[in-house]
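Use these hints to put chain C onto chain F, whose structure you have.
There are 2 protein chains.
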Amino acid sequence: MSFDVSQVKALVFDVFGTVVDWRKSIIREISAVGERFGIEADWEQFADRWRGGYTDGMQSFRDGKREWMKADTMHRERLDILINEFGITGLSGDETDHLNRAWHRLDPWSDSVEGLTRLKSKYVIGTLSNGNIGLLVNMAKYGGLPWDVVLSAENFQSYKPDPKVYLGAAELLGLKPHEVMMSAAHTHDLHAAAAVGLSTGFVARPDEYGSGARKAETEADDSIDVAASDYIDFAEKMGV
Amino acid sequence: MSFDVSQVKALVFDVFGTVVDWRKSIIREISAVGERFGIEADWEQFADRWRGGYTDGMQSFRDGKREWMKADTMHRERLDILINEFGITGLSGDETDHLNRAWHRLDPWSDSVEGLTRLKSKYVIGTLSNGNIGLLVNMAKYGGLPWDVVLSAENFQSYKPDPKVYLGAAELLGLKPHEVMMSAAHTHDLHAAAAVGLSTGFVARPDEYGSGARKAETEADDSIDVAASDYIDFAEKMGV
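The listed protein sequences correspond, in order, to chains F and C.
Okay, so the first sequence: first residue is 30 according to our numbering, each after it adds one.
Okay, so the second sequence: first residue is 30 according to our numbering, each after it adds one.
Incorrect hints may have been included.
Unchecked claim - Capping the alpha-carbon separation at 30 Å, the derived lysine-lysine pairs in BS3-like fashion look like this: (1) K53/C <-> K244/C; (2) K205/F <-> K99/C; (3) K99/F <-> K244/C.
Everything labelled a hint here was simulated from the structure, so no lab data went into it.
Excised from the complex, chain F in its bound form (with noise of 0.2 Å):
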């Protein structure tokens, strides 16, 4: 490929399955309460019905019918569903805000701190997801995620794939389009910001939907400007 690694200044991720691996974290979390509580249930379900709140959230902003609002809020929103429906009774209120931190406490997949350390020592490094500021903020510390900055969909009151949100990173960072590249395992992400001018750059995360029905992408298009394995490849794939 001929893309020009030295055009680009300031990196920015998706970070749900991209830089984290939300759906083992969250099996992990709900499986020990439902120990706790002695329930046996497909918790896999439990994990991939609350991603979807999340999902269905956001979808109901674009379609114009509900405002914006936090991760947070969609979150819990789609829990107090599913606690109800598996008959989880016996959490508190205060545990109940716990578990809904669990999209605070996500696992980062295994090359991902190395890789962004590695990416760091020359480039701006910056989330830019659709999860908000605080829950961004918290994962870092969790995870041990080395951001120079936390940028987020809230930042623009909006959502990705919404153009604004990946031109509006461009500004606040001070930086021409062309000179962040947007990166992300999913390539509607990407594709989304590379018709605003942004570069691009795939990271393959198989493992993403376990092995449910849904089907990660484990290969970019052509039109990708840089595509890797894990961000230790991409990190030697971007010169450091």
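Positioned in the frame of chain F, the structure of chain C alone reads:
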């Protein structure tokens, strides 16, 4: 003092003068330009008047006379005036851009990196400056400032001491106002934060204004929750 530090979850910091020594850094950069062109002038006055472009620009916004704008823009407007007035005629456009970003290359006070690193081990630490986000991110890279999050008045399209800057920072962090401590070397900033419920931490920066007419505050009044001589002392007072 009876302030209970255990209520604090995040510390947000004023930056210019509080964490970095803007005045000596700016004098160094502009003196080097003067030397290059063989110009002798009062570079301390240049630095103070350049800083004044920023404070004047913010006041014009507060007075309703101008739209909100980035610190970079205010710096550039005043720089163009001063370059002309001081007879600096040989700078290219790129060199003037680079000089304007001298505000992205301000040296931390000698205790800042160690003190912030200690505080980061227990608290979320972030900026809460009137400087724009790109400036603050570049400054952190330059000086090794280990922020968890870069928050700016730019997030709220206003400037401190507007209450919405302090309350907005707490809201973005998902915290109650008293769980966030504003830290600054300037008590007017702390009083404005306290007025809307934030905790407050003063650090003395007696050399901020050099030997000029303007004197730095060296002590906080009794209304301030924590007061320290530098950020190492501050970390100790915050239990880390």
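Hints and how they fare:
Between K53/C and K244/C, the direct Cα distance comes to roughly 15 Å. Compliance with the 30 Å bound is thereby established for this hinted pair. Of the supplied pair hints, the one linking K205/F and K99/C holds, its CA atoms being roughly 16 Å apart against a limit of 30 Å. The hinted pair formed by K99/F and K244/C fails the criterion: a straight-line CA distance of about 44 Å is larger than 30 Å.
Checked against the numbered hints above, the structure breaks only hint 3 and satisfies the rest.
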